[in-house]
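Chemist: Here are the chains, one letter per residue:
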Amino acid sequence: MPHILKSLALVAILGLAACSNADRFGDAGAGGNTPLGPGAGLGGAGDPASPAYFSQTVGDRVLFLVDQSTLTNEAQSILTQQAAWLNNNPAYTIAIEGHADERGTREYNVALSEQRANAVSTYLVSQGLLPSRITRVVGFGKERPLEICSEEACYAQNRRSVTVLNAGGV
Amino acid sequence: MTRLIARFLVALGLLAAALPALPALAQDNGPGPLRIEITEGVIEPLPIAVPDFIAEDGGAAAYASQIARLVAEDLTGTGLFREIPASAFISPVTSFASPVQYSDWKAINAQGLVTGSVSTASDGRLVVKFRLFDVFSEAPLGEGLQFVGTQESWRRMGHKVADVVYSRITGEGAYFDTRVVFVSETGPKNARSKRLAIMDYDGANVEYLTDAASIVLAPRFSPSGDRVLYTSYETGTPQVYVIDVNSVTRQTIATGGTGMSFSPRFSPNGQTVVFSQSSNGNTDIYALDLASGSTRRLTETPSIETAPSFSPDGNQIVFESDRSGTQQLYIMPASGGEARRISFGAGRYGTPVWSPRGDLIAFTKQNEGRFHIGVMRLDGSQERLLTASFLDESPTWSPNGRVIMFTRETQGADGAPSLYSVDISGRNLRRVPTETGASDPSWSPLLD
Amino acid sequence: MTTGQKISGIGHLALILILLFGEWFAPGDPPEPPESVDVSMITEAEFAALTQPSAPEAATETDAPAPPEPEPAPEVSPPPTPAPTPDPPETTTPAEPDPAPAEPEPVAPPAEVVPDEPERPEPPVPDPGADVPDTTSADPTPREAPRVAPTPSPETPPVPEIAEAPQPTVSEDAVTDERAEDEPAASPEEATTEIVTEADRPAAGAPGSSPRPRPRPPQRVAEALPETPDDPAPESVPEPADEPEEDPQEDVGSAIADALAAANPDPAPQPAPAPSGPPLTRGEREGLRLAVQTCWVIDPGSPAAQVVVTVGFRMNPDGTVASDSLRQLSATGGDEQAARVAFESARRAVLRCQGAGYDLPQDKYEQWKDIEITFNPSDMRTR
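From first to last, the protein sequence lines are chains S, A and F.
Going by the numbering used here, 68 is the number at position 68 of the first sequence; the sequence numbering is gapless.
Going by the numbering used here, 247 is the number at position 247 of the second sequence; the sequence numbering is gapless.
Going by the numbering used here, 47 is the number at position 47 of the third sequence; the sequence numbering is gapless.
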């Protein structure tokens with residue numbers, strides 16, 4: 001029973017995350033990418049081959065510690081699954097977008113977030129992903145926060161790297 | 001020649017002897033002058049009077065008062081002057097030509113007096129004349145001057161008058177007839193629209209240089225003030241662009257390489273652009289020769305090197321690097337090579353900017369949850385923090401090296417950036433009025 | 001070397017210096033740059049070149065909101081316009097040490113400030129309303145004030161902010177002549193003893209802006225004016241260019257006399273070994289020093305703040321300065337421009353603070369007939 005509750009909660013949280021992702025993210029700043037919102041996926045999160053499954057069940061983002069670009073164990077395990085999913089769904093290419101929280105200077109954060117995105121890129125390639133499937137590795141610095149409060153809870157969510165499936169891959 | 005040397009020796013001798021001896025003398029005073037040493041003064045704004053300028057004709061009437069007000073605002077805005085209100089004046093100035101009643105101005109303790117007139121030339125342009133008086137010397141301070149310009153440019157003429165007054169009184173260069181390029185920000189924090197904009201130093205006459213389609217960052221003026229370097233995400237990856245301020249035409253700077261390019265700055269002669277390039281998780285500083293298009297790598301470390309800034313003589317570059325583990329400031333030759341660290345205090349240091357006077361580095365410091373704008377000497381000594389807030393960053397110097405403008409962002413979900421300025425003494429902190437949110441200011445040189 | 005020898009040596013050196021440097025500094029001496037009242041012309045072409053850039057810009061960019069005159073208002077308005085944004089969010093975020101809600105402030109001052117600042121005798125009326133705009137008053141560290149003086153003034157009670165307050169500064173003159181001893185600036189203008197930057201304050205919220213100089217209370221002027229028996233500037237006669245009047249000529253005459261005097265081996269009591277009257281007491285000297293320093297305005301951010309300047313002048317028996325005798329004896333530590341500014345600041349200090357005459361004992365006139373003051377800002381720079 002507790003397991004069921006947990007699962008429900010998890011699904012609910014992921015669902016919310018997906019919404020906020022679609023609303024707040026991947027706007028003009030992401031250039032040519034059209035990120036896939038809910039509904040874009042055929043068959044939704046239930047379909048293991050859908051982009052929604054990738055973003056919600058696998059998890060399209062990993063988080064970083066303050067002023068760090070090294071991958072935590074948790075991040076590595078998520079990325080391992082990302083790589084597996086991508087290897088199973090070879091039609092997709094990806095862009096990797098790094099971000100930083102607002103507690104740093106602008107240009108440094110651009111560089112730091114590129115470092116984060118690059119750490120993800122390197123890890124995915126180490127897991128067998130073809131480098132050619134990564135179309136872009138870019139750092140957005142603190143320009144596109146996901147959460148907007150000025151508290152550690154928000155900062156933690158903003159220190160992230162997001163693996164974006166390119167629309168052209170479908 | 002020998003006389004010169006003799007003078008020099010005497011001067012040296014006097015210095016050597018007099019400095020230590022003065023206090024002693026002050027104690028036991030023999031015949032001769034009474035000698036006193038004063039080491040404590042007062043730091044306060046100098047009282048000045050800027051009566052409304054005289055309108056010589058009907059067409060000038062609209063400007064006579066406005067220009068005088070602007071001159072007064074420029075001066076009092078420095079924190080170094082205090083304007084004496086017109087209600088205190090004893091004798092009104094009724095004509096630009098008539099002599100000044102020094103005693104009347106002394107009586108209200110006006111130490112400087114600016115008088116002026118505005119007339120309309122036959123072609124409709126404005127002629128602004130002014131004089132500056134040192135009241136306690138009972139004499140003009142420098143010659144009277146005049147400026148001619150279109151009616152639309154009345155603010156520039158006012159700024160120019162204030163520039164002259166400021167320089168004559170303080171002995172320093174001025175900064176009123178200048179512009180500031182910055183990033184105008186609107187919209188919610190997680191979906192900000194950013195546009196490059198330019199305005200007068202006091203916030204007037206805003207013009208936009210780009211639309212809101214892409215993220216733009218950290219513009220920087222060229223040494224001549226006619227072009228602006230900046231970073232834009234319009235291709236999806238940050239790249240360096242240069243825009244001509246007058247024609248508003250824009251072009252990409254070919255930085256070479258495939259990664260992200262950002263943090264561009266001009267060299268003092270305008271012929272080189274230094275910038276950061278990131279690829280494979282490593283950010284280094286490069287120099288691009290604009291004439292030849294050739295690029296040269298200046299730093300080669302596996303860490304982040306960014307935010308370069310040239311010394312005024314163009315020989316050195318100060319930049320930030322986290323090679324030690326945290327963001328710190330370093331100085332290296334402009335051609336690259338060995339860098340020496342200059343920041344050693346607690347916290348992280350970033351965004352160094354070399355002062356136009358050459359003797360100070362302004363920076364952003366992050367320590368114990370607060371951000372500061374500060375200055376230090378070139379060897380890192382005499383660090384002074386001028387501000388403190390939730391988030392201060394991106395300092396830029398006034399062309400005379402006296403004032404620093406910077407970004408201050410407020411805290412929380414509704415947080416928004418605005419521009420502030422502060423005197424390098426740490427006094428006179430004030431907000432620069434902008435209609436939208438504003439960040440990343442870059443101060444132009446004095447226009448001419 | 002005995003003290004006497006030292007004194008004599010230095011006196012001579014000083015003399016020589018005057019001789020040698022007198023002419024050097026003469027050009028820098030503001031005894032008046034040639035008073036050309038001519039307005040110099042800039043050619044139209046030149047000005048066209050100046051203004052060219054702005055015109056096309058304005059033309060091409062239609063979306064530029066450039067309101068011609070409303071702009072100035074925010075800049076000039078003396079009361080600090082506290083940035084509206086910070087406060088509400090700050091109060092709600094305990095994570096940062098930043099928050100300094102404006103509201104609690106008025107409550108804090110009396111308790112917090114008094115122990116820390118013994119120099120503030122009367123804890124200001126806790127008048128909450130009036131205190132709010134003063135973003136700094138609650139600080140436990142030295143206050144921030146537009147004025148930094150050697151002796152802090154009692155904090156100005158938040159008097160009705162009347163920007164129109166008629167000229168305060170007159171009171172300064174009137175006040176200074178009364179002041180003989182260690183009394184702090186009698187002017188009630190708010191002052192603090194050191195420059196306080198935002199960063200010096202403990203993790204408190206940043207104020208929206210720093211306080212503007214505030215006018216001194218109006219009533220002072222009313223008091224002071226009648227008290228001023230005669231204006232320090234005696235004559236009422238007009239100005240330079242048009243009317244040659246008595247004064248300038250006199251000035252020139254006495255300036256020449258003075259120059260001659262300066263050029264001659266000590267004009268003063270040197271030969272007369274018998275000083276008339278006993279030496280000044282410490283208190284008398286201090287009185288003079290304090291009186292002058294009250295009027296010595298320093299700009300610590302200026303290159304002139306690097307200059308140590310010594311000025312010399314002759315005194316009239318009534319305690320007033322023979323203003324045409326005021327000259328620069330030496331200046332060290334800066335370029336010519338900085339030295340000029342430093343000298344002007346020193347000269348203004350001497351002239352402004354004399355009021356109706358410095359308070360010096362008549363019977364010791366010979367002792368203070370010639371005065372040399374060294375203005376050394378090195379302590380102020382580091383503040």
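These are computed hints drawn from the structure, not numbers from a lab.
A few of these clues could be false.
[As the list claims (entries may be wrong)] In silico SDA-like links for lysine to any residue, alpha-carbon gap of 20 Å or less: (1) LYS369(F) / SER87(A); (2) LYS364(F) / GLY277(F); (3) LYS369(F) / GLN151(A); (4) LYS364(F) / GLN306(F); (5) LYS369(F) / ASP324(F); (6) LYS369(F) / ARG285(F).
Chemist: Could you work out which of the previously given hints the structure breaks and list their numbers from low to high?
Modeler: Hints 1, 3, 4 contradicted; others consistent.
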